[in-house]
Amino acid sequence: MNINTNRLLRAFMALLWMWGYANAWAGTVGFQEQTTYDERGQVLKLAIWYPTSSPVQTVSLGWTTQDLAMEGTMAGGKHPLILISHGTGGTYLSHYDTAVALAQAGFIAAAVLHPGDNALDQSRRLFILERPAHVRRALDYLQQQWRDHEQIDDDRIGIFGFSAGGFTALVNIGGKPDMGSIAPFCLQHPRHFACQLIAQETAPGQAATMPLPERQEQDARIKAAVIAAPALGFTFANRLQGVSVPVQLWRAEDDQILPHPWYAEEVLRALPPTPQYHVVLHAGHFDFLAPCSPMMAQRLPEICNSAPGFDRTNFHRHFNEEVVAFFRQTLVKRDD
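The sequence shown: position 204 = 924 (my numbering), numbered continuously.
None of these hints come from the bench; they were simulated from the model.
Be a bit skeptical, because a hint or two may be false.
No more than 20 Å apart at the CA atoms, straight line, and that leaves these computed lysine to aspartate or glutamate pairs for EDC-like [stated by the list, open to error]: (1) K1053 x D841; (2) K896 x D939; (3) K798 x D860; (4) K765 x D868; (5) K943 x D874.
Have a look at the derived ranges for each label pair, beta carbon to beta carbon [to be verified]: (6) H1038 x Q976: 19 to 29 Å; (7) L1001 x R941: 31 to 41 Å; (8) Q916 x K798: 37 to 47 Å; (9) H909 x Q1018: 29 to 39 Å; (10) G962 x H998: 20 to 30 Å; (11) P1028 x V763: 24 to 34 Å; (12) E1042 x P775: 26 to 36 Å; (13) R760 x G962: 41 to 51 Å; (14) G797 x A919: 48 to 58 Å; (15) G761 x A919: 40 to 50 Å; (16) P981 x Q961: 31 to 41 Å; (17) K1053 x Q908: 25 to 35 Å; (18) G900 x P775: 53 to 63 Å; (19) D787 x R911: 22 to 32 Å.
These numbers were taken from a predicted model, which means no experiment stands behind them.
Ideal placement from N, C-alpha and C gives every residue a C-beta, glycine not left out.
All chains should be built: construct the whole structure from the sequences, respecting the hints.
What follows is the structure, encoded as structure tokens:
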């Protein structure tokens, strides 16, 4: 029998880690909002969920209701950190249920509100390559200036990204997108979401493109990534050779925003390490967002309504379990 002792040891260490948290901490979640600045001086807001020993209460945050200890005391010890990057026009609450699930499992989950590409301000939504710098700057702040920075386990940092956030995460872990491929792609597929978005802000006769930043850099601090429905996946064809960290990749079967096979499938083919790959049957693009409150469902049915027979709440129970399990398996604590 051929036994991979390294994989066995990693699994054993993950089990020990899970057992330790289960026996030392009750699973309550603290919450903070923090503010820093990006490289252009724009305000960069963060929402942070984390394990706490403080009592919780039911609070309203935006359109969500959560049981949290506002500004609660961080539970003792060092904790792995997961950065969260939302999609175009989203917020740092877009994946709050996943953040809560991570915090309940002993992680710190920090969601970035991307300046110029969020629900309140979309003035820079085409500047998608600014987003990885937002993540880098957020991580700098969390590791160096945040009041609880000493409780981050710097060896166990991961990233979760959805849609434009998935694109963001791929760049952060070493992807080098070919932005020059957008114009010819959009000539062939003008009805795709990104192409329509670009066309709305491009002068007639001008080729579809997105502005380039001064630099694109891999962030070696990030050791694992969960990517859901990555935007502009076709730009990564043969451009992910620099990715060496483990990846969990998700695709919605009935995604009408990023239709198969030009997005997640292109990323799957280009990744050198074979990712954990999940195709969610009957799901649409927005089913990766947290289930909506009744008020939000009434205001934004195009985002909140799922296909008949698809239960987003039940799906998210499974989705969050898989995300937590992946990060537990891949961000194993090193021996001191």
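How the hints compare with the structure:
1. Note on K1053 and D841: the hinted pairing is violated, with a Cα-Cα distance of about 39 Å set against a maximum of 20 Å.
2. Taking the CA atoms of K896 and D939, the gap is about 12 Å. The hint holds against a cut of 20 Å.
3. For the given pair, K798 sits about 17 Å from D860 by alpha-carbon distance, which is consistent with the 20 Å threshold.
4. Taken as a hint, the K765 and D868 pair is honoured in the structure, with Cα atoms around 16 Å apart against an allowance of 20 Å.
5. At roughly 10 Å between alpha-carbon atoms, K943 and D874 fall within 20 Å of each other, so this suggested pair holds.
6. Separated by about 22 Å at the C-beta atoms, H1038 and Q976 satisfy the suggested range of 19 to 29 Å.
7. Our hint of 31 to 41 Å for L1001 and R941 holds, since their Cβ atoms are close to 35 Å apart.
8. At roughly 45 Å, the beta-carbon separation of Q916 and K798 lies within the given 37 to 47 Å, and the hint holds.
9. About 33 Å separates the C-beta atoms of H909 and Q1018, a value consistent with the hinted range of 29 to 39 Å.
10. Range check, G962 to H998: about 24 Å between beta-carbon atoms, so the 20 to 30 Å window is met.
11. Judged by the Cβ atoms, the range 24 to 34 Å given for P1028 and V763 is violated: they are separated by roughly 41 Å.
12. Taking the beta carbon of each, E1042 and P775 are about 30 Å apart, inside 26 to 36 Å as hinted.
13. The hinted window of 41 to 51 Å between R760 and G962 is violated, with their beta carbons roughly 25 Å apart.
14. Distance hint for G797 and A919: a CB-CB separation of about 51 Å, consistent with the stated range 48 to 58 Å.
15. Under the hint 40 to 50 Å, the C-beta atoms of G761 and A919, about 30 Å apart, miss the expected range.
16. For P981 and Q961, the hinted distance range of 31 to 41 Å is not satisfied, since their beta carbons lie about 20 Å from each other.
17. Here the CB-CB span from K1053 to Q908 is close to 47 Å, at odds with the stated 25 to 35 Å.
18. Range check, G900 to P775: about 54 Å between beta-carbon atoms, so the 53 to 63 Å window is met.
19. At roughly 42 Å, the beta carbons of D787 and R911 sit outside the given window of 22 to 32 Å.
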